[in-house]
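In order, the protein sequences belong to chains D and L.
Counting with the working numbering, you get residues 1 to 358 for the letters of the first sequence.
Counting with the working numbering, you get residues 1 to 281 for the letters of the second sequence.
One thing to keep in mind: the hints can contain errors.
Said to hold, decoys possible - Calculated pairs, BS3-like style, for lysine-lysine (alpha carbon to alpha carbon, straight line, at most 30 Å):
#1 D:K104 to D:K130
#2 D:K65 to L:K171
#3 D:K130 to D:K167
#4 D:K243 to D:K208
#5 D:K177 to D:K65
#6 D:K177 to L:K171
#7 D:K108 to D:K130
#8 D:K329 to D:K167
#9 L:K171 to D:K130
#10 L:K106 to L:K171
#11 D:K65 to D:K130
#12 D:K177 to D:K208
#13 D:K65 to D:K243
#14 L:K171 to D:K167
#15 D:K104 to L:K171
#16 D:K208 to L:K171
#17 D:K167 to D:K177
#18 D:K65 to D:K104
If you are wondering where the hints come from, they were derived from the structure by calculation, not from laboratory data.
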Amino acid sequence: MATLSINSVRKSFGAVEVLNNIDIEVEDGGFLVLLGPSGCGKSTLLAIIAGLENSSGGDILIGDKNVNDVHPKDRNIAMVFQSYALYPTMPVRRNIGFGLEMRKVAPKDREAAVQRAAELLQIEHLLDRKPGQLSGGQRQRVAMGRAIVRNPDLFLFDEPLSNLDAKLRVEMRTEIKRLHDRLGTTTVYVTHDQVEALTLGTKVAVMKGGVIQQLADPETIYDRPANMFVAGFIGSPTMNFLKGTLEQGDGGLVLRHAAGTLALAGLQQDVAGFVGREVTAGIRPEMLDSGDGPASLTGVVDVVEPTGPDTMVIASVGGQLITARLGPKDRPRPGEPLTLTVDTTAINLFDPVSGNRI
Amino acid sequence: MAATRSRSKLLWDVISYVVLVGLAFIAIAPIVWTFLTSLKFEEDIVTRTMQYIPSRITFENYVKLWNQSGYPVLVINSLIVTTTTVLLCLLTGTVAAYAFSRFQFKGRTQLMLGYLVVRMFPAVLMIIPLFIIMRQVGLLDSTIGLAIAYTSFLLPLFVWMLKGFFDAAPKELESAARIDGTTRLGAMFMVVIPIARNGLLATCVFVAIAAWNEFLFALMLTTSQGSRTWPVGLQLMVGEFQLPWGMLAAGGMISILPVIVLFAIVQRAMVAGLTAGAVKG
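Hey, can you work out the whole structure from these sequences and the hints?
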């Protein structure tokens, strides 16, 4: 077990800069999630941590040891790949034990370690099969077995759940969390799935274009996104952005938008400098409820999408589309007028020019 | 409408079968003819009227060839040359193909193109320089020299074919192996080569057959019975005043035996190897 420090790491392929001064610290036993759309550089960063790629600058420290010039095999790390990367010619037993075999662990100890890992992942019955005879979920477990059997300083996961179907993905996500709680190994996990990021991470780095947009714990990322990119990337359905002008009303600040005003009582931000200017209000769909209140929006129902536990209602408020997550019993009809009460304490105001949170 | 379509389909079927049977006949007939000739008595071979099926059978040609003409030495020489060629290709070509497949280094494209360009020159063009080089280094008229000459024009083929098989093996597997504790070369031997095994086998068989059957280089670069290969030996049996058809045919039949046996052994793996990567999954 160890800490991980990423200090000013850069990477460029020719003139293309894919990573720009990345600084991240992960505490011992922490779970860092690198989150971003494809091409944001998250997998490259993981490959640099693993030693599979060289950085163009900066340092990687595992524990307090600089590993810039250390071979992957000597970094004492384990990695789970998106394609699982199981050795197709070897049975599961040897796949899991391969790392130990390479490290010249005695066959008896190796066998015991493989058995322990297999029991932990409930794959004892598969040990003599070849990877080709396993289902996706089983392969995933074998890949994890190969990672945990060596007791590494660092676990690296490269989109490990992307190839699984939806149900299995949720199961394995829980499994990974349980495993991390149990083993307490420092972990770096790459994904483009924001749900995985929020459920697993103790720390989430949202990346775009080789730059970290925000590095924080999941609650902060969700409740106080640093900019509109993070706000829009996290959460499903995505955050609503309501454009308007910030004004000083009788009872406090209000947002004047195309279809009226919205009182901003209980706002968690210092926005004094923006009074009288254009702002964008970020409102999560679950911060809206049907019915009138001290702060409300009125509009016309456009589309109704029942999902079971919730009903998603998309309404047009002065020409801007707003999604609200309403209760299962709420079933307005398209074309009807709708009043939504807003929990203003959870509103985030953004500067529409820079996109940053005010 | 339907009737016309099925009739034109039938016509196509007939035409394709005629073409296929015709091609198969062209391919198989000479071998059958050689086989039949090898079983005939000398006086039944050159006759006034064509005798397709021999009326009496003899193995005399085979016995005579084996006991009197030094044919076993020729076959052994051919075996040595072929094995050495395959080993040389295997040792150098595998590593080269792996490097081409996995590394981006300066001059990579040029080097690979160079490998191809070598194949574009007619073999005759290379024989004279090769002859001079071999004479100077003292490898003329030796099985090793011949094997090196074969390697010089079979290696590019070997490397290009094998590179394709290596390309088909996912790179993540080596990443996994390197994290698991192997070096790059270790990952190649322990993970990539076992996956590309069928491809490697197919490529080796390809090279082996080419070396086994080669005639022109062998004719130029060997001068004595001690290093001659079977194609040259057979050709030299044709004298000014005699043409031992029966023995020539027997020699031909014996020499295709190893090829047939090789194919029979590795056929499954070879087909799997040649089609690997063609279908995903």
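Evaluation of the provided hints:
For a cut-off of 30 Å, the pair hint linking K104 of chain D to K130 of chain D stands: about 23 Å separates their Cα positions. Restraint check: the Cα-Cα separation between K65 of chain D and K171 of chain L comes to about 28 Å, which is no more than 30 Å; the hinted pair holds. Under the criterion of a C-alpha separation no larger than 30 Å, the hint pairing K130 of chain D with K167 of chain D is consistent with the structure, at around 24 Å. Distance check on the hinted pair: K243 of chain D and K208 of chain D sit about 24 Å apart at the alpha-carbon level, within 30 Å; holds.
Distance restraint check for K177 of chain D and K65 of chain D: the Cα-Cα separation of roughly 27 Å lies within the 30 Å cut-off, and the hinted pair is therefore satisfied. This hinted pair checks out: K177 of chain D and K171 of chain L have alpha carbons roughly 28 Å apart, not beyond 30 Å. Proposed proximity of K108 of chain D and K130 of chain D is supported: the alpha carbons are some 21 Å apart, at most 30 Å. With a CA separation close to 26 Å, the supplied pair K329 of chain D and K167 of chain D stays within the 30 Å bound.
Annotation: proposed proximity of K171 of chain L to K130 of chain D holds, straight-line Cα distance about 19 Å (limit 30 Å). Only pairs whose Cα atoms come within 30 Å are accepted, and K106 of chain L paired with K171 of chain L is accepted, the gap being roughly 21 Å. At most 30 Å may separate the alpha-carbon atoms for a hinted pair to count; K65 of chain D and K130 of chain D exceed this at roughly 37 Å. The straight-line distance between the Cα atoms of K177 of chain D and K208 of chain D is roughly 25 Å, inside the 30 Å bound, and the hint therefore holds.
Among the hinted pairs, K65 of chain D with K243 of chain D is inconsistent with the structure: their alpha-carbon atoms are about 49 Å apart, more than 30 Å. Between the alpha carbons of K171 of chain L and K167 of chain D the distance comes to roughly 29 Å, so the proposed pair stays at or under 30 Å and holds. As the CA atoms of K104 of chain D and K171 of chain L are separated by approximately 24 Å, the hinted pair is consistent with the 30 Å bound. With a C-alpha separation of about 25 Å, the suggested pairing of K208 of chain D with K171 of chain L holds against the 30 Å cut-off.
Using a Cα cut-off of 30 Å, the hinted pair K167 of chain D and K177 of chain D holds, with the two alpha carbons roughly 16 Å apart. Between K65 of chain D and K104 of chain D, the direct Cα distance comes to roughly 24 Å. Compliance with the 30 Å bound is thereby established for this hinted pair.
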